[in-house]
Amino acid sequence: MPKNIEKIMVIGAGVMGAGIAAQIANAGLPVALLDVVPANNSNRNAIPEKALAQMLKAKPSPLMASSNIRNITPGNIDDDLHLAKDCDLIIEAVVENIEIKKELYLKLEKQRKTESIVTSNTSTIPLSHLVADLPRPLATNFAITHFFNPPRYMRLLELVGGPETNSDALEALTHFCDVKLGKSVVRCKDTPGFIANRIGIYWMESAVRYAIEMGLSVEEADAVVGKPMGIPKTGVFGLMDLVGIDLQPHVQQSMLALLPDNDPYRDIYQASDLLDHMIKTGYTGRKGKGGFYRLNSINGKKIKEVLDLKTMTYRPTVKPELGSIAAGRHGMRALVEHADIGGQYAWRVLSKTLSYSASLVPEIADDVYAIDEAMKNGYAWKWGPFEIIDQLGPQWFANKLRSDQLIIPPLLKAINENTFYTKNIKNQQEFFTANHTYKKISRPNGVLMLSDIKRQTKRINGNPSASIWDIGDAVLCLEFHTKMNSLDTAVFEMMEIAIREVKDKHYQALVIHNEGANFSAGVNLGLALFAANIAAWPEITKSVAQGQKIYKAIKYAPFPVVAAPSGMALGGGCELLLHCDGVQAHAETYTGLVEVGVGLVPAWGGCKELLARWSQYADHPKGPMTAITKVFEIIGTAKIATSALEAKQYLFLTEHDGITMNRNRLLADAKTLALSLVENYSPPEKPVFFLPGESARLALTMVIEDMHRNGKINDHDVTVAQGLAIILSGGNTDIVQSLTEEQILSLERKTILSLVKMPQTLARMEHMLETGKPLRN
Amino acid sequence: MISYKAPIGDLLFLYEEVFDPNDISNLTSQQETTTDLVKTIWEEGAKFCEDQLVHINRSGDEEGCHFNNGAVRTPEGFKEAYSKYVASGWSGLTCEQKFGGQGLPNSVNIALEEMLCSANLAFSTYPGLTRGVYRALRLFGAEPLKKLYLPKLVNGEWSGTMCLTEPHCGTDLGLLRTKAIPTDDDNYLITGSKIFITAGEHDLTENIVHLVLARLPDAPKGIKGVSLFLAPKYLPNNDGTLRSRNSLACTSIEHKMGINASATCAMNFDQAVGWLVGEPNKGMQAMFTMMNDARLGVGMQGLGIAEISYQAATTYAESRLQGRSLAGSKHPEKPADPLVVHPDIRRMLLTMRSFTEGARALTLWVARHLDFRDNAVTVEARQSSDDFVQVMTPIVKAFLTDLGFDITNIGLQIHGGHGYIRETGVEQYVRDARITQIYEGANGIQALDLVGRKLPAHAGRYLRSFFHPVQNWLEKQNDNDEMQVFVAPISKAFGRLQIATGYIAQSGQKNPEAAAAAATEYLRLFGLVALGYMWGRIAETSLNKQSSATNDFYLKKLVTAKFFTQHILPETGSLFASIMSGSETIINPPIE
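So the protein lines, in turn, are chains F and S.
Residues in the first sequence are numbered consecutively from 1, following this note's numbering.
Residues in the second sequence are numbered consecutively from 1, following this note's numbering.
In case anyone wonders, no lab produced these hints; they're calculated from the structure.
Model, not experiment: these values are computed from the prediction.
Just so it is clear, CB atoms sit at the ideal spot from N, CA and C, and this is done for glycine as well.
Heads up, some of the hints might be wrong.
As a list, the in silico SDA-like pairs of lysine to any residue whose alpha-carbon atoms are at most 25 Å apart [to be verified]:
| no. | chain 1 | residue 1 | chain 2 | residue 2 |
| --- | --- | --- | --- | --- |
| 1 | F | Lys301 | S | Leu139 |
| 2 | F | Lys483 | S | Pro512 |
| 3 | F | Lys639 | F | Gly772 |
| 4 | F | Lys287 | F | Gln253 |
| 5 | S | Lys98 | S | Glu32 |
| 6 | F | Lys712 | S | Val379 |
Simulated coverage check for chain F against chain S, where a stretch passes if three residues somewhere in it have a Cβ under 8 Å from a Cβ of chain S [as the list claims (entries may be wrong)]:
| no. | region |
| --- | --- |
| 7 | 534-542 |
| 8 | 766-777 |
Only chain F is shown next, with the shape it has when bound in the complex (with noise of 0.2 Å):
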């Protein structure tokens, strides 16, 4: 038995084959990705070759830096199947045939090492079929790794192993998927879609039917069984566009083939002519020429379409206008007690699928924590149908559907006015079992999350927008926590209470680190409009000293602080990593100093810090004038890194930055890395500067006007850069002469000051506001 498994193949370069090798070769390890050799071809690897060359074009991209690609070796099935003897791991993608499967086993049987895993990513073969009359080395070291489509950036991996599995391959394989590829696996019992598919294909049946047949439109359909319940915006026929709707009859099929007989599934199932008709014409999805919704181009105007169910025409979409939607924000149960069309509708589609979920434990899972974390991960809702049970009060849904003369599945009996989840003495979560006990959500080694930390433990300090938590080993942690975890004042106060706590208390080290989607989407663009829009100059200028005062506090800190970021860090969340001792990023980290999308500048020490990397890069030629090239490009253009990897590439990042592809060891990750440094820790030097002055700003000037002339970049474009040039020729200065980073804090501090006052820089905050997008002005 392997203990790591460091080689891969991946079989099948399908949508699901090629994701996975990329996913793979993000973690950077070496994968062979085969496919069968094409009938009309000379290039027998042609079809892995052009799933490559479709990674590089894709966006999203499955690949975390285009160079990845380098780990992945195509290959053919004919030609290569004999490089299974160096692979740890042989993953199968192939389509969904078991003859096909089987004889391709067996002919991997003939190559593979005794001790190498073999899974397949099948979502609708049962393993037990897969293995019968499989040769026993290799239904021993057989199981089936479901992973989610973009296997990137769903999180979920369904683990499943046959009772001739051996346990360690399972072992293997959950901290190769958990650690390596990044995944939350759910270990999963044999029956038909796991979990994830099995309660999600019945909520989607349940969520169309009973749309069509209480007669919502489209739309209201989807804002019902969407945002209210935790659910994708999409809601469910948005769903359908996104992943074909052609593949519904497959899946309904499948499952009608594999279920049990007395499955609830068989009686919400519904043989559709409407889906018939939509896929025998044509309008798939978003794929197609179109699904439920369809962009439609009028007079040059992008309009969005909606199908009217009753009339089988597209209209424009109407913004549903539903006293349900508004009650919901109240809560679930608000939601399917409203009175209204929406109220009804949301209470059918959740009674069916919550008491549909509670009647599968044991059938597919031990227990509601692996359910809930499939639905989470799987299917991206907000909550596990057990949360939601938990919201509306398991004991009234119970009376609930009594009234409403519905079967309550024993479990729902069994907990009677308790609820799911609890607390236990410690203060510690628990969940309830199959078994009528409750059990305590055990974290794998090497995860360490800060929302158990914040339920056992009391903070150390804070203030509506960050709190500070002791994480153990005498560190501490800086949590944010306000909308979007954008940087007010509050927050900064708090990095200042962090700092002096880290000191007076002997703590060793700080970490920066929250679990919300985002690390930080920088200073809070509303407040600074607010103050802009108000003239108040003088609470701006305070401002901008004070992040930049506090970021230097954070730099040159006599103890060690680390940031931890996930999602975005964008402007002053960006330039917050640049003012640390060390990061540790979440693999799915996106940074970028985009504060020119919003005609301003960065001034929290973000341009100083970057050209200071730049500067030390040892990989560029001498002079000034290249690093100074470099960061005008980055942060002119609002260069986003798309993943850690690629944060490096930009020296966001520096080499000796972290990166972790599993979000929930990252808090542990990070407090490691920190405490790596805290022996004999020194803070940084101060950096000095020898920059051209006007010479540089003539050059970028050039550069600047030749833009504007070929029409790459508007007047006020023109202008924002400008200023950037000023702080990054060094101002009024020359080669000889050395600068100080408060002289460039003092040019970052002028130049944005002068551009928040400008109209088009004020009409760009309120268009990224408003709408999440840059304005072009």
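Position chain S against the provided structure of chain F, taking the given hints into account.
The following block gives chain S in isolation, referenced to the frame of chain F:
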């Protein structure tokens, strides 16, 4: 008998000296609007108000309107005055030429509105609402409706009303019950009762055009299920001649505290024929267009009534001899000195004057932006002007009508006991002014509009149209030593407004009640700073003109500016202190 003199001199000073008249004449539609033309128009208007309208003000109040079997007869002289008003073309002054209007700018019209309100507030309510009906119809009406109705509204042959209020619903229009049932003829039958309908019925015009809020049969509940309809008193033929009486009627008129010559009607619609204006269930959108127009109009009533009250008080204070000056007799030849020598009387007169003249400047500033909003060249300029009008509308409405009431009251006080008896006529101003704080959205509602809607909109973008010009102007005054005496207090008050604005925006985001509790004080703070800025602008202009022939005029302006900045603006300090004390004491304790 009170006489009235239109403040043409002050108006022209503002129009061409404080503000730049070229901004108006440079607008594409206004190239012929020279200052000479403006002056001529204003003088004509002034003549009508001074010679005719002011003389039927008190008689109209004494006589009131007469109701008889569904018909309303206006007081003696109103019909003639209205005919004169229409014949002079006042009714369509700002209306589009293609509908028979004169297409003149709002900056010109605003002065006439003020004069009308000074001379006869009750009279002004008859043509007053027609303009709002014109605007709503022009923006939201279907072509045939526009073609048939707009020319008649523009030439004043027909007048307009807004039918919103019902017996059980005033401010909260979501509760309204009047129904509109569609017919096969593309129109609707409207049934319901409306109350407090200004000029709902009268004898000044041959037809009355009602804009009525009602619900369609399938309308959603609440404010989102309200539609707007047009229902005329007489159904017209396509050529504008009258065909038959529509089935709607005035059932009674109200007996009121003031504006007794204005008919406040209860209306009954009994399957009255009407047409939809705008989209179904989007009636509030059209109604708000009309209401915003009307709100500015009511603000003008506050200014107008303050002006005449000030004129009456000045005349009285100069002619009434009572007591001797504490500094020694000023007129030893007379039995006593005139009232005007006494510091407290002077304080009252200066208060009246500084508020009134400052408010006049403010209304002209707003009127200019009404013109820019509709006619400026760039989208950005039009938007910025619209932003300005949005934020200033509740301030003009509430702040100026509060001033109207306060100032008429001061005017009465100066008259002493003679003000309290009816004969001098000044108690009528107090009574007439009182309604302006209530109708078209009570002043508390205006304050809520300001803090709840206007302040947070687009992260404060509306505010920029006010705060940036003021800030820039203040910065520009830095090297002008003579101006510092004005700039220092204005700057201080402006700083208070900035801080209070930020505070309310932030606390309001967390708790809407906190913003609501501060709303009225905030609106007054805003209004005072706006007037302070106007006085700053006036002082700046006057300093430059001191050596000119009309020296006295400018010296008087400088004195008044000093009075306002030294004695009125400090009120911003107490408002600020109160706002910054937070809202808890207001929100939390049980009052009931």
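Note to self: Checking each numbered hint in turn, tell me which of them this model violates, lowest number first.
What the structure shows: Of the numbered hints, all hold.
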